[in-house]
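Protein sequence lines, in the order shown, are assigned to chains A, B and C. Everything in the first sequence is counted per the working numbering, starting at 7 for the first residue and increasing by one. Everything in the second sequence is counted per the working numbering, starting at 30 for the first residue and increasing by one. Everything in the third sequence is counted per the working numbering, starting at 733 for the first residue and increasing by one.
Hint data in this document are derived by calculation from the structure and do not stem from the laboratory. Every value quoted in this text rests on a predicted model; they were computed, and no experiment measured them. Idealized CB from N, CA, C, for every residue including glycine. Incorrect hints may appear among the rest.
[To be verified] Quick list of simulated restraints, FRET-style, between CB atoms:
#1 A:V145 to C:S891: 29 to 35 Å
#2 B:P72 to C:P959: 37 to 43 Å
#3 A:L301 to C:P773: 57 to 63 Å
#4 B:M251 to A:Q95: 16 to 22 Å
#5 A:G191 to C:F1088: 53 to 59 Å
#6 A:T163 to B:I281: 57 to 63 Å
#7 B:N121 to A:H196: 30 to 36 Å
#8 C:L828 to A:Q95: 46 to 52 Å
#9 C:L926 to B:E270: 55 to 61 Å
#10 A:H196 to B:E220: 44 to 50 Å
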Amino acid sequence: MNFFLEVLVGGLLSGIMYALVALGFVLIYKASGVFNFAQGAMVYLAALSVVGVMEWGAPLWLAVILAFAIMTLFGIATEKLVLRKLVNQPPIALFMATIGLAFFIEGLAPMIFGSEPRALDLGIVDEPIPWILDNWNMVISKFDLVAAGVGALLVGTLALFFQYTRIGRALRAVADDHQAALSIGIPLQHIWAIVWGVAGFVALVAGMMWGARNGVQFALTFTALKALPVLILGGFTSVPGAIVGGLIIGASEKLAEIYIPPVMQDLFGGNFGGIEGWFPYVLALLFLLVRPEGLFGEKHIDRV
Amino acid sequence: MSKKIGDVILDLQNISLRFGGVKALTDISFNVREHEIRAIIGPNGAGKSSMLNVINGVYHPQEGKIFWRGKERKRMEPHMAAQQNIARTFQNIALFKGMSVLDNIMTGRMTKMKANFIEHALWFGRAKSEELAHRRKVEEVIDFLEIQHIRKTPVGRLPYGLQKRVELGRALAAEPSMLLLDEPMAGMNVEEKQDMCRFILDVNDQFGTTIVLIEHDMGVVMDISDRVVVLDYGKKIGDGEPEEVKNNEEVIKAYLGAGH
Amino acid sequence: MLYREAGQFKTTYAADQQLFPIRQDRIGLLLLLAVAFVGVPVLASEYWFSAILIPFLIFSLAALGLNILTGYAGQLSLGTAAFMAVGAYAAYNFQLRVEGIPILVSFICAGLTAAAVGILFGLPSLRIKGFYLAVATLAAQFFIVWCLTKFPWLSNHSSSGVISAQDIVIMGFNFDTPVTKYLLVLAIVSVMALAAKNLVRSSTGRAWMAVRDMDVAASVIGIKLMPTKLLAFAVSSFYCGVAGALYAFCYLGSVEPDGFSLDMSFKILFMIIIGGVGSILGCFLGAAFILLLPIFLDFTLPGVAELFGLPFSNATVSHIQILIFGALIMFFLIVEPHGLARLWQIAKEKLRLWPFPH
Chain A
7 MNFFLEVLVG GLLSGIMYAL VALGFVLIYK ASGVFNFAQG AMVYLAALSV
57 VGVMEWGAPL WLAVILAFAI MTLFGIATEK LVLRKLVNQP PIALFMATIG
107 LAFFIEGLAP MIFGSEPRAL DLGIVDEPIP WILDNWNMVI SKFDLVAAGV
157 GALLVGTLAL FFQYTRIGRA LRAVADDHQA ALSIGIPLQH IWAIVWGVAG
207 FVALVAGMMW GARNGVQFAL TFTALKALPV LILGGFTSVP GAIVGGLIIG
257 ASEKLAEIYI PPVMQDLFGG NFGGIEGWFP YVLALLFLLV RPEGLFGEKH
307 IDRV
Chain B
30 MSKKIGDVIL DLQNISLRFG GVKALTDISF NVREHEIRAI IGPNGAGKSS
80 MLNVINGVYH PQEGKIFWRG KERKRMEPHM AAQQNIARTF QNIALFKGMS
130 VLDNIMTGRM TKMKANFIEH ALWFGRAKSE ELAHRRKVEE VIDFLEIQHI
180 RKTPVGRLPY GLQKRVELGR ALAAEPSMLL LDEPMAGMNV EEKQDMCRFI
230 LDVNDQFGTT IVLIEHDMGV VMDISDRVVV LDYGKKIGDG EPEEVKNNEE
280 VIKAYLGAGH
Chain C
733 MLYREAGQFK TTYAADQQLF PIRQDRIGLL LLLAVAFVGV PVLASEYWFS
783 AILIPFLIFS LAALGLNILT GYAGQLSLGT AAFMAVGAYA AYNFQLRVEG
833 IPILVSFICA GLTAAAVGIL FGLPSLRIKG FYLAVATLAA QFFIVWCLTK
883 FPWLSNHSSS GVISAQDIVI MGFNFDTPVT KYLLVLAIVS VMALAAKNLV
933 RSSTGRAWMA VRDMDVAASV IGIKLMPTKL LAFAVSSFYC GVAGALYAFC
983 YLGSVEPDGF SLDMSFKILF MIIIGGVGSI LGCFLGAAFI LLLPIFLDFT
1033 LPGVAELFGL PFSNATVSHI QILIFGALIM FFLIVEPHGL ARLWQIAKEK
1083 LRLWPFPH
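Isolated chain A, as found in the complex (with noise of 0.2 Å):
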């Protein structure tokens, strides 16, 4: 039973760190309705930016500051120079220009600052926390857990911030309509700007999170496409959504992967690990066949 909690608590605890990157598309989809196939990329661009900046020789700090406005920057530049170009094209064209995006960070980013996998230190251990191995015998990272608390008050802040801000109404009104806030006056290339700001942001802390637990490597992008089937369980324009989908999703696969294998083993002999490679994905497309819009999207309506 112990041993069933400890993968329960480590799903849940990965799962937040995916709820990370899933609020990243969240928030570009929230205000711009782009679907931001890159998301996962920026969160690579964003730790690759964090260690090579600081093998440059630059301090923790400094180097956080520094992949700050590079996530900034280059998410302006994609607005304006991708984006707003493809404004009037359906949207299925404005996914593949980001998955092409994708492939340019992926491609951009190894180049400048180098492709060998790199540990980031961020001065949290990833190892067992003493008490609970000790009265409980379950074995919980004390990484996970901080990681877990900086997601939870990231999505906390986010939500604040969309709900009682001034700032955050705007966001929700560009991305209702963008004609009808462009005609009470909200600057559409300032919002745009601010979104991508803090979209990169928050790439930045799961780009962080993740390269200091697995590694700063290319590999991180295949995890951050993890972020989708999150998105479906979750809604695509719900940030609560996107933390309750990625605690399923984290605890599901973990779940799944202990538990699953052993079955199959039995039936048909052999080796059947790899199962967190898809589940959340089968898992996403079964949702999808219930719940289309997600536990907390909001319903999609054709008028004809």
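Chain A is fixed; fit chains B and C onto it per the hints.
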């Protein structure tokens, strides 16, 4: 006009339609006779498009019965309506923007095409002869609507008035016995409206097609329709010949205004 | 001036319906086929066959499959490589387990198996659209590759799922040299491309395009959405399955599930975006472009690097390749969303006047 108007072909009884808490249609009953031109009028939001969508099978009413040619229809899906020879046009043009005019109108013949995809891939026998036969029919429609010069143009590039005409063409290509037109003249100038009126009258005259038409232009409605139904806030407030309805107090209050 | 259509009047609908109504197009195509079937085998070297022409044809076929699904029927798919994998492994298993089965029948059965799997993973398209569907196809991509790796029966109990394709023997003739393999692949791809062209301009193709453009309207005029969408998945997966079988049997010789990765699915998607979504010609143009670009870069980049005195490693070359792919995708989507096929059409229009200025 000595036109032979037939028996009741469509009978709607006590139709009620709700979307969540919003009542789109409440207890509506009226009928349509074969070969007639029936207009549905009313203020915006009265439920006119919803009414057409119910006839067509796009929306399913929570209450009420629909009788088509005397038989009750339990649950209609849009493609079933198409197979029963009901065709329609839409308020916001529902053409296939990626295809040419010719291809769009050819899709109107879809219910009549029998060849399967293997025959299409191999392009022999039935697939080939069918395509040519239907092409001939579609060209007749193109002639009728005078759009020969744009037959290969992608529909997305055409001006609004021509797009509406192509949409009418697609509906006509299906050789429907009943044609549902949702504001066919919206957004047109006087000339285009006259052309469209002429086409609608010709269709009714030459092919005997029953027409149910939503329209805001009162001049058109009074001129060409045989009978009129008036809706307001999802309820029926008038039903009868144009002259009758024009003088109906409720209708004047809700929609027409004095001085019509 | 060479390309003028003046004087070529069509007096029957049948004449208007031809695949290539303009005489110059027909002549051009005949020349191309002559070169492909006769000229190339005589002139090209083994390297050209094995490394360029055969993969070009195979990926064109896969691109055809994806274009039918995404370009014509409007169902975005990121699982193309997985369906190719199904085809490869199915062909291998049919050859292995069915005594005396002709190889071409194995290929057809492989295509049909892929089609069945395609229909299964296409079922969600009845309820979901757009990028939701794309995520669902990701599920197909990851799950199928995992299955092929983990279920030992599928790869005849080899380690890590590697299979080695059997020999191709048709009517006693062994297709074991690059030239013969090239001709076989060319023949198969030509036939299937012709079938695809016929399909897309028939009412099947129109039904697909109608569903792509506005599915509610399509339903209203009598197109049944479920069979239409599932047919698109089936035909598309059939094409990808055959492409996968050819990939294993005529190109690599031995394959493993990880070789049919998400990366390959993206590559094929890029082929149809750059080549031209919704265009048969575009599949070939896109495949050629995507396949030739790395070779081109391999030739030119070291020279450029020396010119600028920059350090260049192999890793950098592959990074630049990825970067250029990404940039090109964005470029084409912004500048010419209909891809190279449209550019080709524009060029033909200019040819009408050339060499005169107006």
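Status of each hint after checking the structure:
The given range of 29 to 35 Å is respected by V145 of chain A and S891 of chain C, whose C-beta atoms sit roughly 32 Å from each other. Taken as a hint, the range 37 to 43 Å holds for the pair P72 of chain B and P959 of chain C, whose Cβ atoms sit roughly 41 Å apart. In this structure the hint that L301 of chain A and P773 of chain C lie 57 to 63 Å apart at CB holds, the actual value being about 60 Å. Between M251 of chain B and Q95 of chain A, the C-beta spacing of about 44 Å breaks the proposed range 16 to 22 Å.
Range check, G191 of chain A to F1088 of chain C: Cβ separation about 54 Å, and the 53 to 59 Å hint holds. For T163 of chain A and I281 of chain B, the Cβ-Cβ distance of about 59 Å falls inside the hinted range of 57 to 63 Å, so the restraint holds. The hinted window of 30 to 36 Å between N121 of chain B and H196 of chain A holds, with their beta carbons roughly 33 Å apart. Here the CB-CB span from L828 of chain C to Q95 of chain A is close to 47 Å, well matched to the stated 46 to 52 Å.
For L926 of chain C and E270 of chain B, the Cβ-Cβ distance of about 60 Å falls inside the hinted range of 55 to 61 Å, so the restraint holds. Distance hint for H196 of chain A and E220 of chain B: a CB-CB separation of about 46 Å, consistent with the stated range 44 to 50 Å.
Violated hint for the displayed structure: number 4, the only one.
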